[in-house]
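In numbering that gives the first Met the number 0, the protein residues as written are 0 to 402.
Careful: at least some of the hints might be erroneous.
Each computed PhoX-like pair below joins lysine-lysine, with the alpha-carbon atoms no more than 25 Å apart [what the hints assert, rightly or not]:
no.	residue 1	residue 2
1	K79	K147
2	K147	K99
3	K99	K116
4	K116	K79
5	K147	K116
6	K311	K297
7	K79	K99
Everything labelled a hint here was simulated from the structure, so no lab data went into it.
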Amino acid sequence: MVKTLVGTVSGACVVPTDDLYINPDTTLCHGHYDIADATAAGVIIINASNIVLDCNGSTINGNGSGYGIYNQGFDNVTIKNCNVMNYLYGIYVNDSTNSKVESNIIVNNGYWGIYLKYSHNTSVTGNTLNSNRQGMRLEDSSNNTISKNSVDTYDDQGINIYHNSPYNRVLNNTISGGASYSGNIGISLDWADHTIVMGNNVTNNRGRGISISGNSQHVVVDHNNVNNNSGYAGCGITITSSNNIVTNNTIIFNDLGVCLFNYRRSNIISNNIIENNNEVGIDLFAMDDTLIFNNSIKNNGGYGIKIFEYSKNNNISNNIVCQNSISDFLVDVNATENYGDNNTCYSPDGWNDNGTTGCTFICELPPKPPVAVVPTLTPVGLIALVGLLSAIAAVTITSRKRR
């Protein structure tokens with residue numbers, strides 16, 4: 000028989016109360032608990048290292064303030080199977096290493112669903128975050144793995160890695176803004192050097208799908224699906240920093256595909272599918288030394304590649320830039336010293352590959368619809384047709400007489 004203890008912790012299941020300090024491994028008694036964070040920070044307060052908190056599918060429901068689960072300074076802590084809703088912070092982890100936050104459901108918290116600060120080598124895996132102002136934030140935190148989470152319907156950012164947070168990994172998450180808030184961002188990397196963003200589905204943001212900013216460098220964005228991001232600054236992927244790589248992504252049905260601006264340099268855009276975006280496939284604005292190669296840039300509603308405002312020394316090579324509605328390229332008169340080779344396009348509009356006018360190769364035009372043909376008869380054919388009809392009539396008349 001399972002023993003139930005209210006407001007204390009032992010080897011049995013525990014009914015949570017406010018200021019429940021967790022010292023050994025603890026399993027909550029399954030249920031729904033309405034508990035405001037009224038006194039110390041946190042309804043459930045981690046109070047030791049090397050422990051597991053298993054909420055056992057229980058729900059703690061606040062009144063819109065405070066912290067649901069609070070870990071201040073303890074290492075190797077696992078927080079799992081918790082439903083946390085209606086606090087300012089759902090799960091708050093500060094100054095912790097080698098911890099795990101996994102298989103939790105975090106809903107309708109006023110600031111962040113999950114917040115890691117000064118925390119390292121922590122895994123945030125398999126969580127569902129819904130209708131929080133921001134899904135999760137990592138601040139001053141490094142070497143963490145954010146994987147296989149579902150993050151949707153947030154006001155600001157789905158996943159925000161911020162301020163001196165290098166060497167994090169964002170892998171195989173599903174991130175959807177819900178398309179109802181203006182200016183939100185799916186994955187925001189702000190001073191997040193050496194971050195890897197791979198295998199994510201980033202959709203339905205009313206702003207940017209993935210944003211690399213704040214002097215984040217050596218970021219790799221690889222094999223993500225980025226689609227249906229529109230509205231205010233609706234770029235699939237936006238880069239406003241230097242020395243980053245965007246490769247092997249599918250970037251479709253956004254307002255713009257890839258946007259690079261803010262007087263930065265030396266980014267690589269390669270092997271991406273950038274198609275069916277409403278306006279521009281790749282938009283360069285005041286960016287230098289960019290390498291754009293081996294991309295498929297097709298069927299965008301405005302331009303395939305747009306090069307503007309003193310963008311210079313960019314190498315654009317081996318791209319297929321075809322069937323874009325206004326023009327395949329648009330090159331501003333102030334964008335000089337750009338070069339490239341072996342591109343395929345139909346309407347270059349100011350772009351010239353090395354040693355040629357326009358692109359090296361010309362797009363195959365889409366096949367025209369078949370033209371309806373009205374059959375006509377030559378005089379010989381007309382005589383033959385009249386003879387055939389006469390023969391049919393004679394056979395019909397003879398057949399009737401024999402009856």
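Do the hints match the structure? See the list:
1. K79 to K147: OK: K79 and K147 at ~14 Å, within 25 Å.
2. K147 to K99: 13 Å, holds
3. K99 to K116: Holds. K99 to K116 sits at ~14 Å (cutoff 25 Å).
4. K116 to K79: 19 Å, holds
5. K147 to K116: Given that 25 Å is the threshold and the Cα spacing comes to 21 Å, the pair holds.
6. K311 to K297: Holds. K311 to K297 sits at ~24 Å (cutoff 25 Å).
7. K79 to K99: Within the cut-off at roughly 8 Å; holds.
Violated hints are absent here; each numbered hint is respected by the structure.
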